[in-house]
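Protein chains in written order, with this note's numbering: chain W, 9 to 423; chain L, 147 to 631.
What the hints contain is simulated information worked out from the structure, not anything from laboratory work.
Wrong hints could be hidden among the right ones.
Chain L is nowhere near these chain W residues, computed Cβ spacing over 12 Å in every case [what the hints assert, rightly or not]:
1) S10
2) D18
3) L20
4) D40
5) K45
6) A96
7) L122
8) S216
9) S260
10) T289
11) L365
12) A375
13) E404
14) K410
Partner residues are not named here, just some residues of chain W that face chain L (Cβ under 10 Å, in silico) [what the hints assert, rightly or not]:
15) L298
16) I317
17) L330
18) T338
19) H353
20) G354
Every value quoted in this text rests on a predicted model; they were computed, and no experiment measured them.
Idealized CB from N, CA, C, for every residue including glycine.
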Amino acid sequence: MSVLAQTRQDALNLFEKLGLPTQRDEDWKYTDASRLKDLLQPTPTDANIHIKDMGITGLDAYRMVFINGLFAEAESNLPEGVSILSLAELEKNSVGEDAEGIAKLFTVDTQAPLLNGFNAFNAAKASDGAVIILADNAILTKPLYILHISNQSNVVRHSFMIGKHAEAQVIEHFISTDDTKALSNTCSFVALKAEARLEHTRIQQEGSKQSHVARVQVKQCKGSSYQFHGVEIGGILSRTDLVVNLHGEGASCDLNGLFVLGGRQHVDHHTRIDHKAPHCTSRELYRTVLDGRSHGVFNGKVMVHEDAIKTDSNMSNGNILLSKHAEIDTKPELEIYNDDVKCAHGATIGQLDDKQLFYLRSRGISAETAQELLTFAFADEVLVAMSNQTVRSYVEKAAFAKLPHSDDLEEMLGS
Amino acid sequence: MATNEEIQKDLEKREYDAGFITDIESDTLPPGLNEDTIRHISAKKDEPQWLLDWRLEAYRHWLTMEEPTWAAVDYTPTDYQSISYYSAPKPADSGPDSLDEVDPKLLETYEKLGIPLREQEFLAGVKNIAVDAVFDSVSVATTFKGKLKDAGVIFCPISEAVHEYPELVKQYLGTVVPQGDNFFAALNSAVFTDGSFVYIPKGVRCPMELSTYFRINALNTGQFERTLIIADEGSHVSYLEGCTAPMRDENQLHAAVVELVILDDAEIKYATVQNWYPGDENGVGGIYNFVTKRAECRGVRSKVSWTQVETGSAITWKYPSCVLIGDDSVGKFFSVAVTTNCQQADTGTKMIHLGKNTKSTIISKGISAGKAQQSYRGLVRMGKNAENARNFTQCDSLLLGDKCGAHTFPYVEVKNATATLEHEATTSKIGEDQLFYCQQRGLSEEDAVNMIVNGFCKDVFDELPMEFAVEANRLMEVSLEGSVG
Numbered sequence: 009m010s011v012l013a014q015t016r017q018d019a020l021n022l023f024e025k026l027g028l029p030t031q032r033d034e035d036w037k038y039t040d041a042s043r044l045k046d047l048l049q050p051t052p053t054d055a056n057i058h059i060k061d062m063g064i065t066g067l068d069a070y071r072m073v074f075i076n077g078l079f080a081e082a083e084s085n086l087p088e089g090v091s092i093l094s095l096a097e098l099e100k101n102s103v104g105e106d107a108e109g110i111a112k113l114f115t116v117d118t119q120a121p122l123l124n125g126f127n128a129f130n131a132a133k134a135s136d137g138a139v140i141i142l143a144d145n146a147i148l149t150k151p152l153y154i155l156h157i158s159n160q161s162n163v164v165r166h167s168f169m170i171g172k173h174a175e176a177q178v179i180e181h182f183i184s185t186d187d188t189k190a191l192s193n194t195c196s197f198v199a200l201k202a203e204a205r206l207e208h209t210r211i212q213q214e215g216s217k218q219s220h221v222a223r224v225q226v227k228q229c230k231g232s233s234y235q236f237h238g239v240e241i242g243g244i245l246s247r248t249d250l251v252v253n254l255h256g257e258g259a260s261c262d263l264n265g266l267f268v269l270g271g272r273q274h275v276d277h278h279t280r281i282d283h284k285a286p287h288c289t290s291r292e293l294y295r296t297v298l299d300g301r302s303h304g305v306f307n308g309k310v311m312v313h314e315d316a317i318k319t320d321s322n323m324s325n326g327n328i329l330l331s332k333h334a335e336i337d338t339k340p341e342l343e344i345y346n347d348d349v350k351c352a353h354g355a356t357i358g359q360l361d362d363k364q365l366f367y368l369r370s371r372g373i374s375a376e377t378a379q380e381l382l383t384f385a386f387a388d389e390v391l392v393a394m395s396n397q398t399v400r401s402y403v404e405k406a407a408f409a410k411l412p413h414s415d416d417l418e419e420m421l422g423s
Numbered sequence: 147m148a149t150n151e152e153i154q155k156d157l158e159k160r161e162y163d164a165g166f167i168t169d170i171e172s173d174t175l176p177p178g179l180n181e182d183t184i185r186h187i188s189a190k191k192d193e194p195q196w197l198l199d200w201r202l203e204a205y206r207h208w209l210t211m212e213e214p215t216w217a218a219v220d221y222t223p224t225d226y227q228s229i230s231y232y233s234a235p236k237p238a239d240s241g242p243d244s245l246d247e248v249d250p251k252l253l254e255t256y257e258k259l260g261i262p263l264r265e266q267e268f269l270a271g272v273k274n275i276a277v278d279a280v281f282d283s284v285s286v287a288t289t290f291k292g293k294l295k296d297a298g299v300i301f302c303p304i305s306e307a308v309h310e311y312p313e314l315v316k317q318y319l320g321t322v323v324p325q326g327d328n329f330f331a332a333l334n335s336a337v338f339t340d341g342s343f344v345y346i347p348k349g350v351r352c353p354m355e356l357s358t359y360f361r362i363n364a365l366n367t368g369q370f371e372r373t374l375i376i377a378d379e380g381s382h383v384s385y386l387e388g389c390t391a392p393m394r395d396e397n398q399l400h401a402a403v404v405e406l407v408i409l410d411d412a413e414i415k416y417a418t419v420q421n422w423y424p425g426d427e428n429g430v431g432g433i434y435n436f437v438t439k440r441a442e443c444r445g446v447r448s449k450v451s452w453t454q455v456e457t458g459s460a461i462t463w464k465y466p467s468c469v470l471i472g473d474d475s476v477g478k479f480f481s482v483a484v485t486t487n488c489q490q491a492d493t494g495t496k497m498i499h500l501g502k503n504t505k506s507t508i509i510s511k512g513i514s515a516g517k518a519q520q521s522y523r524g525l526v527r528m529g530k531n532a533e534n535a536r537n538f539t540q541c542d543s544l545l546l547g548d549k550c551g552a553h554t555f556p557y558v559e560v561k562n563a564t565a566t567l568e569h570e571a572t573t574s575k576i577g578e579d580q581l582f583y584c585q586q587r588g589l590s591e592e593d594a595v596n597m598i599v600n601g602f603c604k605d606v607f608d609e610l611p612m613e614f615a616v617e618a619n620r621l622m623e624v625s626l627e628g629s630v631g
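Kindly generate the complete structure, drawing on both the sequences and the hints.
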């Protein structure tokens, strides 16, 4: 068996050993993954999907399209001189020494935090993915927009390797063409060399019966900076494990998350930041707006290791429940093994401020619109950090269309 | 900076002045646990059949349970067959009638610990406090029983209450913490030996502070006390609890259960100064403190507060909780926990909001030094019907030394849209700028550190009754004594 085939077989064996997580696992206490069992197997086909005008229109970006987990080259537009490759292509053409390097892209780090059966399954069964290798000092002039379109279960696996002093912006967008019951199992591995910078956006906007399980694993070298924007609007059940390893001195990460949910949507984000080196900074801001019978779960864990002196860590989680049937479970955790640190976290759950509502109403704004406006402001704070305005206004529109009285709001905001 | 290292060094040397052993003859059961042990304990206390059955039921349930491992503590598991489940100083009945009958050695013990058992000492007007003194497995003295009885307040060892007020005990025992609640509660239900029983009748404001002082003395014994406090409609009581044990190289187990029942408009203030032997600087010996404490605010507008100062024990596993059932009920939790050397503490609280307009406050201050590990583990749950429930949580940790750890695991579960919750947590060390500022104004380093630590704990100390506030301050000072070289 080739190295590559062996690596994937190992992953499959690991999956069989781990199985799917159950609610008896502390990290899956609030999310029932058992109903995803039958949706696990990918069914990659060159489905006849008309993708014209799908995704974020008017975005000035390089484009990579995956249809049901397979790279659609004809729909894509990649820059010259930069290695942005299809994982499936690489796998097909791998021979000799290359094979070992490529096998590494499928290796599962069994020691990584929050590792679960889905992740092992991903390594075993991934059908394709994007492999970006950005050379030292290279700067990707336009964002790379990775659009995932699906109407079937699919497994994709991305790797983003950003060289020293290199800079890039990657936007992953997940949409569906219909309301089929299916599961997207995705992994994105990020490696940032010294002083590298990456702004990474993930927008989950899949069909109303689609489920989504994701793992984002980041390793940061000295002085690198990683910015994450996670937006959860679509799907029925979505779980993301975001694992950041601040490995080099002075690295910093900035994680932003926004859930705008309704109906019976269930979204669960587990974030884990490991401060392993001195002088690292982490900042985390998560906000959720829950309507209907939706259920939000946020678990943020910051682990400060023994040598990580001068750690500066801040986590904030705000939640608004708009309906009496919505539920939020939040757990901001700190684990600190060193005394030279400054760590803080905060979580709030509540309603809109009566005084602010009164202020708006006293200026002739209806109660509904005032509420809407304040909810918008609450959620939009997470999006402020997004540097691409086209993406931001797309997200704003898509997220706020879910609020009950969004028409008035659109009028007010003039959009 | 030298200061922190010096504080650490001194913390390591911190002395445990309650570590003496009272040489007294005791009646001790041989080590081991089986149904006969339980029958024996029950027979010793001349208990009615229903209580024996209740114990046996708990024991059978316990056999099916596994010791929990989720807490962030690391210890050698207890061999439940190697400890003795009953030890009483001779001659021991369930409490003598007057102090004259109490063994002078025992009186001396409590005197040494600064616990006054002679009522005349109070008559001087210095203190107004009734004490139930529990020595190993039995209550040896309860003061001011008469005066309390005049007010209608029942304050006696639980073994006595079983005989004198069986209806009350039967009605409430195990209703807050059921027999099978958790591993240690089940064990306690099977083998509990003594503890205090308090009943405050309708509309009565308890005329004095009530207090129980727990002392472990005998070797290889475990202490399993059970406290049950019932505050009937419109009543009010303030209850204090203290504990110490001799210094020994073996770990000793303390698995207590405390149940509080609060009815309409009643209030219980429960304070603990826990100073069990923490083990030496290498982590040898010390008490395993595995305690289940829970209060049920059953009535409307009922109130409960848990205030704890935790300085002792090798391992602490303790989550005093409030179940807020009655509308407008209030639960509060104030905690200062100090861990030094190799101590490990996993402590926090649970606030379960079920009724409308229920409020809870959590203030937790952790100080971790040496090689100690400390965790705050809390749960705030707001149920579907908890309209307008509110919670405020603040948990701060202060770290002294680069080998210690401080962790927070707050669970928040909210199922009601009208609920409001705020949670804040910070972890830091004493700022060099803070120290510099104080010293620049002429304070010695030691005073500066003391002042900063005191300020850090102030929110909690303010909640303690006067007598305990003094005790708590003294304990803290011992901890930080001589912090400047």
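Hint-by-hint comparison with the structure:
The claim that S10 (chain W) lies off the interface holds: its Cβ sits roughly 42 Å from the closest Cβ of chain L, which is beyond the 12 Å cut-off. At roughly 30 Å, the least C-beta separation between D18 (chain W) and chain L is larger than 12 Å, which holds for a residue marked as non-interface. In this structure L20 (chain W) is separated from chain L by more than 12 Å, as the shortest Cβ-Cβ distance comes to about 30 Å. At roughly 15 Å from the closest C-beta of chain L, the C-beta of D40 (chain W) stays outside 12 Å, upholding its exclusion from the interface.
For K45 (chain W), the non-interface assignment is confirmed: its Cβ lies about 26 Å from the closest Cβ of chain L, beyond the 12 Å cut-off. At roughly 42 Å from the closest C-beta of chain L, the C-beta of A96 (chain W) stays outside 12 Å, upholding its exclusion from the interface. Separation of L122 (chain W) from chain L is adequate, the least Cβ-Cβ distance of about 15 Å exceeding the 12 Å criterion. The claim that S216 (chain W) is not at the interface with chain L holds, since no C-beta of that chain comes within 12 Å of its own (minimum 23 Å).
Under the 12 Å C-beta cut-off, the non-interface status given to S260 (chain W) relative to chain L holds; the minimum distance is some 19 Å. Consistency note on T289 (chain W): stated as away from chain L, and its beta-carbon is indeed over 12 Å from all of that chain's, at 15 Å minimum. Separation of L365 (chain W) from chain L is adequate, the least Cβ-Cβ distance of about 15 Å exceeding the 12 Å criterion. Look at A375 (chain W): its CB is around 16 Å from the nearest CB on chain L, clear of 12 Å, so calling it non-interface holds up.
Once the 12 Å rule is applied to beta carbons, E404 (chain W) is consistent with being away from chain L; the minimum gap is 23 Å. With 12 Å as the threshold on Cβ separation, the claim that K410 (chain W) sits away from chain L holds: the shortest Cβ distance comes to roughly 16 Å. Interface restraint check: L298 (chain W) against chain L, minimum CB-CB distance 8 Å, threshold 10 Å, status holds. Given hint, I317 (chain W) at the interface with chain L, holds; its Cβ is 8 Å from that chain's nearest Cβ, closer than 10 Å.
A least Cβ separation of about 7 Å between L330 (chain W) and chain L falls short of the 10 Å threshold, and the interface hint therefore holds. At a threshold of 10 Å, the smallest CB-CB gap from T338 (chain W) to chain L is about 5 Å, leaving the interface hint in force. Taken as an interface hint, H353 (chain W) checks out: its beta carbon lies about 5 Å from the nearest beta carbon of chain L, inside 10 Å. A least Cβ separation of about 5 Å between G354 (chain W) and chain L falls short of the 10 Å threshold, and the interface hint therefore holds.
In this structure, every one of the numbered hints holds.
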